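Visitor: One line per chain: the protein sequences are W and Y, in this order. Position 74, counted from 1, in the first sequence is what full-length UniProt numbering calls 74; the numbers after and before it change by one each time, with no gaps. Position 8, counted from 1, in the second sequence is what full-length UniProt numbering calls 8; the numbers after and before it change by one each time, with no gaps.
With a straight-line Cα cutoff of 16 angstroms, these simulated EDC-like cross-link-like pairs (lysine to aspartate or glutamate) come out:
{"hint": "1", "chain 1": "W", "residue 1": "K14", "chain 2": "Y", "residue 2": "E43"}
{"hint": "2", "chain 1": "W", "residue 1": "K14", "chain 2": "Y", "residue 2": "D38"}
{"hint": "3", "chain 1": "W", "residue 1": "K141", "chain 2": "W", "residue 2": "E131"}
{"hint": "4", "chain 1": "W", "residue 1": "K14", "chain 2": "Y", "residue 2": "D39"}
{"hint": "5", "chain 1": "W", "residue 1": "K141", "chain 2": "W", "residue 2": "D111"}
{"hint": "6", "chain 1": "W", "residue 1": "K141", "chain 2": "W", "residue 2": "E127"}
{"hint": "7", "chain 1": "W", "residue 1": "K71", "chain 2": "W", "residue 2": "D35"}
{"hint": "8", "chain 1": "W", "residue 1": "K14", "chain 2": "W", "residue 2": "E30"}
{"hint": "9", "chain 1": "W", "residue 1": "K14", "chain 2": "W", "residue 2": "D35"}
Hint data in this document are derived by calculation from the structure and do not stem from the laboratory. From a predicted model like this one, the values you see are computed outputs, not experimental measurements.
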Amino acid sequence: MTSFHDQVIQILPKLRIQALSLTRNRSAAEDLVQDAVCNALAAQDSFIPGTNFSAWMHRILRNRFISDLRKRRETTDIEDVPASSFASNATHEDSLALKDLSMALSRLPADQREALVMVVVQGMSYEALAEATGCAVGTAKSRVFRARRQLEAWMTGDLPANDKLRVKVAALRATLDDRRRKGLKSDDLFTF
Amino acid sequence: MTGGKDGVPEKSRQDKTSSDSDNPFDIWLKRGLHQLFDDVANEPIPDELLRLIEEDRDERSS
Numbered sequence: 001m002t003s004f005h006d007q008v009i010q011i012l013p014k015l016r017i018q019a020l021s022l023t024r025n026r027s028a029a030e031d032l033v034q035d036a037v038c039n040a041l042a043a044q045d046s047f048i049p050g051t052n053f054s055a056w057m058h059r060i061l062r063n064r065f066i067s068d069l070r071k072r073r074e075t076t077d078i079e080d081v082p083a084s085s086f087a088s089n090a091t092h093e094d095s096l097a098l099k100d101l102s103m104a105l106s107r108l109p110a111d112q113r114e115a116l117v118m119v120v121v122q123g124m125s126y127e128a129l130a131e132a133t134g135c136a137v138g139t140a141k142s143r144v145f146r147a148r149r150q151l152e153a154w155m156t157g158d159l160p161a162n163d164k165l166r167v168k169v170a171a172l173r174a175t176l177d178d179r180r181r182k183g184l185k186s187d188d189l190f191t192f
Numbered sequence: 001m002t003g004g005k006d007g008v009p010e011k012s013r014q015d016k017t018s019s020d021s022d023n024p025f026d027i028w029l030k031r032g033l034h035q036l037f038d039d040v041a042n043e044p045i046p047d048e049l050l051r052l053i054e055e056d057r058d059e060r061s062s
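Next up, chain W with everything else stripped away, as it sits in the complex (with noise of 0.2 angstroms):
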């Protein structure tokens, strides 16, 4: 049987993308990691062997940020938190959608941002997703729909031409075309 610290071990890669999923921001994400790590290492009597060790560790990640936020009273939204927090080095032709998404999904609730990744990326399922996250199947689905609607309105402009977003992207958009046509660099666009 695996020991309860190897669990810790295999399970570090997909804490990172759910904390990455919560934080937005990279370095907030490994320190979050850490702190959960550590949280499950001191509470690791309570853990029944043979239960759910996936659901039991992102529960307590997920408490972790939930009380840290807490603690930091913070109210951050888009305007504090860098487009580029989530990744990525893309330099394909669809690098500027990506970053469009990284910003859509910056302004996702925190609870559908990570129902959203842990299901699309992690291929958790809903039944996983709601043990993780402490709430009912159906909460889940809901939780999962809403994020990808929401995007897909974001994304394809289904939106009242007032949004905030939208202006905000259609914005960046000109200036980085202005930019490429006087072969400027725009990587420093990307971090307000």
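Knowing the structure of chain W, use the given hints to seat chain Y on it.
Guide: Just chain Y, lined up with the frame of chain W:
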């Protein structure tokens, strides 16, 4: 698949909820999310974090 403007697929009239949806937007979204998150999952685990776990393992077994 064929993308719409700026590589984002045109809005589909389908409205499926499963993670294996064949909605063009959902297919595009899945690919985009993997591009954004896969690197993070594949990065090496920081030594400090591994040391923390191993030290706890040693303490528990001693």
